[in-house]
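Trainee: Residue numbers (the working numbering), protein chains in the order written: chain V, 1 to 114; chain B, 1 to 117.
The set of hints was computed from the structure by calculation and includes no laboratory data. Accuracy of the hints is not assured; some may be wrong.
[Unchecked claim] Among the chain V residues that face chain B by a calculated CB cut under 8 Å, a handful are:
#1 2
#2 25
#3 40
#4 102
[To be verified] Here are some chain B residues the structure puts well away from chain V; computed CB gaps all over 10 Å:
#5 7
#6 12
#7 41
#8 43
#9 44
#10 45
#11 50
#12 70
#13 71
#14 90
#15 115
Idealized CB from N, CA, C, for every residue including glycine.
The lines below spell out each chain.
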Amino acid sequence: AQTVTQSQPEMSVQEAETVTLSCTYDTSESDYYLFWYKQPPSRQMILVIRQEAYKQQNATENRFSVNFQKAAKSFSLKISDSQLGDAAMYFCAYWNSGYSTLTFGKGTMLLVSP
Amino acid sequence: DGGITQSPKYLFRKEGQNVTLSCEQNLNHDAMYWYRQDPGQGLRLIYYSQIVNDFQKGDIAEGYSVSREKKESFPLTVTSAQKNPTAFYLCASSISGAILSSYNEQFFGPGTRLTVL
């Protein structure tokens, strides 16, 4: 079974700084999707960014970008120019094509200070 | 407005009682999912359905039941057999659950907080 590991339970960053959240996964598949979701205090899950494994180019969405290292099975999220509104729990997720389901990591709580 | 609704937002249950959590979507999505969220545990899959009248157990299905009689609805029943039901429950949907594509993006409802008294 696929597993997703987020080794940082909590991270802190100051406004306008850059922070990187780590995610590693285990799989024997060659084609898959990876996602980062954000869960603010409202607890509404919001998709931040997605990466298709067959694309070598790292995905980017405004201030959010990923560093996808397929051979290392690593999928980190970089947040540039951090804002107070970025404070949230961030979940890494792997699309399991065998079962057509998402497997989530345990999350990283991001704290942003002024 | 298209989206996923869950009701109620907060739910209280006495021990030994069954309770049903509602999940409705008007996105015309084929696939729907139920997750349980506990502190420090991330999201764990309870049940999922890729098409009407069909559903599969997820990782933690014991003590739960579901039905999928309509495309837009996927209610979750927490039975008295669930030993520790107090948690936050999230419902999600995606255009297709079966095909590996960008359609695998899941959209989430606002969640229901269940507390057993």
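Trainee: Confirm or reject each hint.
Mentor: How the hints compare with the structure:
1. 2: violated (11 Å)
2. 25: Nearest chain B Cβ about 13 Å off; hint violated.
3. 40: Because about 12 Å separates residue 40 of chain V from the closest Cβ in chain B, which is outside the 8 Å limit, the hint is violated.
4. 102: Constraint on residue 102 of chain V satisfied, holds at 6 Å.
5. 7: Fine: 15 Å to the nearest Cβ keeps residue 7 of chain B off the interface.
6. 12: Given a closest Cβ separation of 18 Å, the condition holds.
7. 41: Non-interface label on residue 41 of chain B violated, nearest chain V Cβ at 6 Å vs cutoff 10 Å.
8. 43: It is violated; residue 43 of chain B is separated from chain V by about 4 Å at its closest Cβ, not greater than 10 Å.
9. 44: Label violated. Min Cβ-Cβ 8 Å, cutoff 10 Å.
10. 45: Since the minimum Cβ distance to chain V is about 6 Å, residue 45 of chain B lies within 10 Å and the statement is violated.
11. 50: Check fails; 6 Å does not lie beyond 10 Å.
12. 70: At about 20 Å from chain V, residue 70 of chain B clears the 10 Å cut-off, so the statement holds.
13. 71: holds (17 Å)
14. 90: Residue 90 of chain B not clear of chain V: closest Cβ-Cβ about 7 Å, inside 10 Å.
15. 115: holds (15 Å)
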